[in-house]
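Colleague: Sequence:
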Amino acid sequence: MEFEQMKVQLHALISNKTLLQATISQPRQKSNDLKRVKLKPVEIRGDYMIQLEFQYERILKHENITIEDLAVKLDALFEDFRQVHAEFQEQTVQVQLSKKNKVLWKSDQNTTVKQVNLSHNRKKQYLLDDSRVHPFLVRLGVQTEDGKIKKQKYDKFKQINRFVEFIDDSLAHLPKDRTIRILDFGSGKSYLTFALYHYLKIEKGLDIHVTGLDLKKEVIEECNRIAADLQYEDLQFLVGDINDFNEETAVDMVVTLHACDVATDMALARAVRWGAKVILSVPCCQHELNRQLQVPALSIMTQHGLVKERFAALATDSIRAELLSLVGYDTQLLEFIDMENTPKNILIRAYHTGKKPTSEQRLKYDEFVRFLNAKPFLENELQDLLL
Numbered sequence: 001m002e003f004e005q006m007k008v009q010l011h012a013l014i015s016n017k018t019l020l021q022a023t024i025s026q027p028r029q030k031s032n033d034l035k036r037v038k039l040k041p042v043e044i045r046g047d048y049m050i051q052l053e054f055q056y057e058r059i060l061k062h063e064n065i066t067i068e069d070l071a072v073k074l075d076a077l078f079e080d081f082r083q084v085h086a087e088f089q090e091q092t093v094q095v096q097l098s099k100k101n102k103v104l105w106k107s108d109q110n111t112t113v114k115q116v117n118l119s120h121n122r123k124k125q126y127l128l129d130d131s132r133v134h135p136f137l138v139r140l141g142v143q144t145e146d147g148k149i150k151k152q153k154y155d156k157f158k159q160i161n162r163f164v165e166f167i168d169d170s171l172a173h174l175p176k177d178r179t180i181r182i183l184d185f186g187s188g189k190s191y192l193t194f195a196l197y198h199y200l201k202i203e204k205g206l207d208i209h210v211t212g213l214d215l216k217k218e219v220i221e222e223c224n225r226i227a228a229d230l231q232y233e234d235l236q237f238l239v240g241d242i243n244d245f246n247e248e249t250a251v252d253m254v255v256t257l258h259a260c261d262v263a264t265d266m267a268l269a270r271a272v273r274w275g276a277k278v279i280l281s282v283p284c285c286q287h288e289l290n291r292q293l294q295v296p297a298l299s300i301m302t303q304h305g306l307v308k309e310r311f312a313a314l315a316t317d318s319i320r321a322e323l324l325s326l327v328g329y330d331t332q333l334l335e336f337i338d339m340e341n342t343p344k345n346i347l348i349r350a351y352h353t354g355k356k357p358t359s360e361q362r363l364k365y366d367e368f369v370r371f372l373n374a375k376p377f378l379e380n381e382l383q384d385l386l387l
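Its first residue numbered 1, the sequence shown is counted upward by one per residue in UniProt numbering.
Calculated from the structure, these hints are not laboratory results. Misleading hints may appear alongside valid ones.
List time: in silico DSBU-like cross-link candidates among lysine-lysine, alpha-carbon distance up to 30 angstroms [to be verified]:
| id | residue 1 | residue 2 |
| --- | --- | --- |
| 1 | K158 | K40 |
| 2 | K73 | K99 |
| 3 | K35 | K102 |
| 4 | K217 | K153 |
| 5 | K61 | K364 |
| 6 | K114 | K38 |
| 7 | K308 | K355 |
| 8 | K189 | K204 |
| 9 | K7 | K35 |
| 10 | K217 | K189 |
| 11 | K17 | K40 |
| 12 | K151 | K102 |
| 13 | K158 | K35 |
| 14 | K7 | K114 |
| 15 | K356 | K375 |
| 16 | K176 | K355 |
| 17 | K148 | K204 |
| 18 | K114 | K73 |
| 19 | K61 | K30 |
| 20 | K106 | K30 |
| 21 | K150 | K217 |
| 22 | K356 | K176 |
| 23 | K102 | K30 |
| 24 | K204 | K156 |
| 25 | K100 | K73 |
The calculated label-pair distances, taken between Cβ atoms and stated as ranges, are [unchecked claim]:
| id | residue 1 | residue 2 | range |
| --- | --- | --- | --- |
| 26 | D244 | I300 | 37 to 45 angstroms |
| 27 | R291 | K106 | 50 to 58 angstroms |
| 28 | H62 | S107 | 25 to 33 angstroms |
| 29 | E367 | I59 | 19 to 27 angstroms |
| 30 | K364 | R310 | 16 to 24 angstroms |
| 31 | Q9 | R291 | 49 to 57 angstroms |
Just so you know, even glycine gets a beta-carbon here, dropped at the ideal spot from N, CA and C.
Between the sequences and the hints, there should be enough to build the whole structure, so can you do that?
Modeller: Structural data, given as structure tokens:
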């Protein structure tokens, strides 16, 4: 089979709407940060589409496209990848390409005809089931007493569930033989703190102790009242600052949501020094690099205040993620639906592995910050732990 014929045939199979799932992998270049692309059919507003999940080293991105647009996308992907594994209703197809695009096509008929199921795309299956009454959601005004999610709070409900998904993904990294200590810096009104406690304590039955920390006394008092009403005995809220909190010597999970500027870095540094197994951080404003950014090569971008601000925010979070990797964490930057529906929707997720970084990794980091003329606050905080 010729290369062009292979692409036409694969697109034709997908166009028949019999695709279950597919994975495009084996990057042609080892330096390619994009590791693989997964495809699956989805139904969006009644239209059949293909969802592409781009799996980078530390980031996942999604794109939904029509069947008509898929051919062009496949052409681009086959420039970068050499393997396809695709499952259809009646057959499974394996495609392997040589460096010169010689095609090895293997097709196996399925013993039974599998059904394409798009129902999960019509109704999201939440970890916090929207058909059940959750007392903490009722107390927080998200759910009615008979279990209905309030219309004006549905976005909040989805955001809470997205956070719970991150918590669920972290379970394997938490201790199982003792009380799990969890700290939430800048907990605010604590929708997510209550969700975290409910999911781990009530749903999963884990032995946990959770502390929420915030500077606003009246907010802390209200959160403690709610915790008492719900009989959440292992959840407490304290008035305090990140730098002044010295009641713990070791913590298993640190959550920091929307801490402003270097307050996020302070929380990350404390988490590292506590030996936290899991770090979940959604930064807020990032002013530090924005003030330092004087790079002539980037002036076409940075002459525009809005673009400079967004670039500085992305670069800051990239620096944070890399620094965490340099001190022994497996770190990813992931999409997170922000509680205030702002563009600030990146979540830093870090799991402690103790893996030592390579000298090449440190060199790449140094080159990046040197190019930006950056003096990161977090680097200074972790200086003695870095190679």
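Colleague: Does the alpha-carbon distance linking K151 and K102 stay inside the 30 angstroms limit?
Modeller: Status violated; Cα separation ~55 angstroms.
Colleague: Is K189 within 30 angstroms of K204, Cα to Cα?
Modeller: It holds: about 23 angstroms lies between the C-alpha atoms, which stays within 30 angstroms.
Colleague: K204 and K156 were given as a pair; does the straight-line alpha-carbon distance stay at or below 30 angstroms?
Modeller: 22 angstroms, holds
Colleague: K356 and K375: Cα distance at most 30 angstroms?
Modeller: 23 angstroms, holds
Colleague: Next pair to validate is K17 with K40; report whether the Cα-Cα distance is within 30 angstroms.
Modeller: Holds, at about 10 angstroms.
Colleague: Is K61 within 30 angstroms of K364, Cα to Cα?
Modeller: 23 angstroms, holds
Colleague: Should the hint that H62 and S107 are 25 to 33 angstroms apart at their CB atoms be regarded as holding?
Modeller: Holds, at about 28 angstroms.
Colleague: Is the hinted pair K35 and K102 satisfied, with a Cα-Cα distance of at most 30 angstroms?
Modeller: 21 angstroms, holds
Colleague: Honestly, do E367 and I59 meet the 19 to 27 angstroms range at C-beta?
Modeller: 20 angstroms, holds
Colleague: Check the hint pairing K7 with K35 against an upper bound of 30 angstroms on the C-alpha distance.
Modeller: Cα-Cα ~20 angstroms, so holds.
Colleague: If you draw a straight line from the CA of K114 to the CA of K38, is it 30 angstroms or shorter?
Modeller: The given pair, whose Cα atoms are some 19 angstroms apart, holds under the 30 angstroms limit.
Colleague: Should the hint that K364 and R310 are 16 to 24 angstroms apart at their CB atoms be regarded as holding?
Modeller: 23 angstroms, holds
When the structure is compared with the earlier hints, violations turn up for hints 7, 12 and for no others.
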